[in-house]
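Protein chains in written order, with the working numbering: chain A, 17 to 310; chain B, -15 to 195; chain C, -15 to 195.
Note that these hints are calculated values from the structure, not bench results. Note that CB positions come from ideal geometry on N, CA and C, so glycine has one too. One or more hints might be untrue.
[To be verified] Here's a subset of chain C near chain B, in silico, CB distances under 10 Å, partners left out:
| hint | residue |
| --- | --- |
| 1 | -8 |
| 2 | -4 |
| 3 | -2 |
| 4 | 12 |
| 5 | 34 |
| 6 | 35 |
| 7 | 43 |
| 8 | 152 |
| 9 | 154 |
| 10 | 155 |
| 11 | 156 |
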Amino acid sequence: MNATVPPAETGPQQHEMPFAIVDGEPVTEPPKDLYIPPQALKVFLEAFEGPLDLLLYLIRRQNLDVLDIPIAEITRQYLEYIDLMRELELELAGEYLLMAAMLAEIKSRMLLPRPASEAAEEDDPRAELVRRLQEYERFKRAAEDLDRLPRLERDVWAGKAELVERHVAPLLPDVTLKEMLLAFKDVIQRAAMFAHHHVQRERLSVRQRMSQIIEALQGSELVDFARLFRVEEGRMGVTVTFVALLELLREGLLEVVQADTYAPLHVRASTPRAAVAAANDDVAATAPADSETR
Amino acid sequence: MNDTTVRNVIEAALLAAGRPVSAAELRELFDEFERPAAEAIDAALAELAAGYEGRGVALREVASGWRIEVRAELAQPVSRLWQERPAKYSRALLETLALIAYRQPITRGEIEDIRGVAVNPNIIRTVIERGWVRVIGHREVPGRPELLATTREFLDYFGLKTLDDLPTLAQLKDIETLGVQLEFDAGTSAPEASEVQEPPAADSPSAAAGD
Amino acid sequence: MNDTTVRNVIEAALLAAGRPVSAAELRELFDEFERPAAEAIDAALAELAAGYEGRGVALREVASGWRIEVRAELAQPVSRLWQERPAKYSRALLETLALIAYRQPITRGEIEDIRGVAVNPNIIRTVIERGWVRVIGHREVPGRPELLATTREFLDYFGLKTLDDLPTLAQLKDIETLGVQLEFDAGTSAPEASEVQEPPAADSPSAAAGD
């Protein structure tokens, strides 16, 4: 294993193998001696991730510091590789040629004499290249770090146990009072007549009491009229019950029965026969809403 | 290879597999030179099973091998992981519910007359199943239609003491100003209910996956 | 509801979920009237984690919650459950992903500037399809290039809780300090480079999985 070969891989595969095996021996030496079979060389060259990667390789191979690149020598080596890539008819991305031009430019600027007093670092023609190389290298490093993180489906797996039977109780939707009232407002506006005649002035407790009375009448033949009233509800409660009874009578939902003159009044849910009679008397009683909406 | 390692590999493999794994297959996981005997695999499985006593999961042998499964007693809470976000009720349902509240006792035909469109029977069924509406009798006309009324639960859900706490239509006309007041009233029930259901929605799996 | 039951429900749920589950979500699994306090959930998680010491699995917190995972030390035997080798990602993809992770939000053009080479559109598509990267907006410059960022799934996949858990990015050295640093650098940076490059071939997880 040679530490100076960064692309220890082939194509898209990571850290897997030396770029070639010759006579059973892994080949990781740089191709300077050109003893490598062209096919292996091709694989090696293709593994570079662009000109910065290639330059970094050249620098690291010689244990040079990125901050102090011998530009003339590196440029020479870089161009050698470019030529090699051309010879092997590798598809050479434009970036490689651009970098070659940049290196040539830096080299020529390095050759120009600089006033000794101004040998300041910012004047170093290599500065931009050094910055880019470092920037690229740190992300190249970060990519390697990332690849080493234990990751799902390769190094770790999420533990899974079988849930044989799922009992999913559906969640019921929530309704706010406001939503319901807005819906009511809409429907009432659509049926404006109905609204005017009834809802506006109606006490809803009468409606509630109507439901309660009907329920109370279910399953029993006759209910004592007086027992529908509760003294403890006071005058208001009695009135509500009374209005509710009148409304139920009007709608034909119950009938009041008296066995004899002066006998106690009884109330019962209207029978089909009575309902028909009521319907004959008063059309509105059987279909109040119907008549109200028109 | 010691027993603990064998047991750990087996446990890890059963949990990673997501399917039943046979004892033979478990044995194949080990390198040949240190592969435990079939008896050692069986022993490790028995130890694992014992270790799961009184825990949330159990080891069980099914047709194609061994698997670790959630104990049936815990299926109910665990199933909540897949609980779907509740849908919203339709406008038609809300209108129907409001009409039942304001005009009870009322038949479906009467609701249809007011709304001007047919009421889907599912709507009536939904509000009845929810416990907000019930059938309190029948109108004695041909067809004996059911008379619908709201329930005690309806009042409780909306935080009302009686139906009289509902605003009159005149008040409803001013619902924008009423809104302030209503939120105040509704503060007893509706926001409470949404508090329960909103947090899971915020970080529910589907919300997370969808973003 | 006693502590054991709470712990069992949590263990069962984490194993049944097949995805990380947050502590808040775990708490929601319990009926309202017996829902443990958030602290009780945390305590149960801590107990579970302790119970997995020396076992084949471990409890780990990642970005979207808690999960029970097979220990990486057991990857070699456990991976034999599958015929296929785990997917390997190209250097180009990993470098692109690293740039998005460390420099987000970032455009494709900015990635290309740093890598010094064009980014294959397939790479961007792959990381988006894997759910690791998403487009979070556009940079308001000509062409309105897409701004890329990593997702919670990315963190989950790599076993991280937050972006802060990513390995530290190497420091940039300034060319100005060159003269002073030269000796120092010769001592640290070169061996460092070889350190980075040698081990991966020998004992990186992918090498282990790939042989």
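Hints and how they fare:
1. -8: This hint holds: residue -8/C lies near chain B, its Cβ roughly 4 Å from the closest one there, short of 10 Å.
2. -4: holds (3 Å)
3. -2: holds (9 Å)
4. 12: holds (5 Å)
5. 34: This hint is violated: residue 34/C lies away from chain B, its Cβ roughly 14 Å from the closest one there, beyond 10 Å.
6. 35: Constraint on residue 35/C satisfied, holds at 9 Å.
7. 43: violated (12 Å)
8. 152: violated (28 Å)
9. 154: With a closest approach of 32 Å, the residue 154/C hint is violated.
10. 155: Hint violated; residue 155/C Cβ to chain B Cβ min 34 Å, cut 10 Å.
11. 156: Check failed: Cβ of residue 156/C comes no nearer than 34 Å to chain B, outside 10 Å.
In summary, the numbered hints that this structure violates are 5, 7, 8, 9, 10 and 11.
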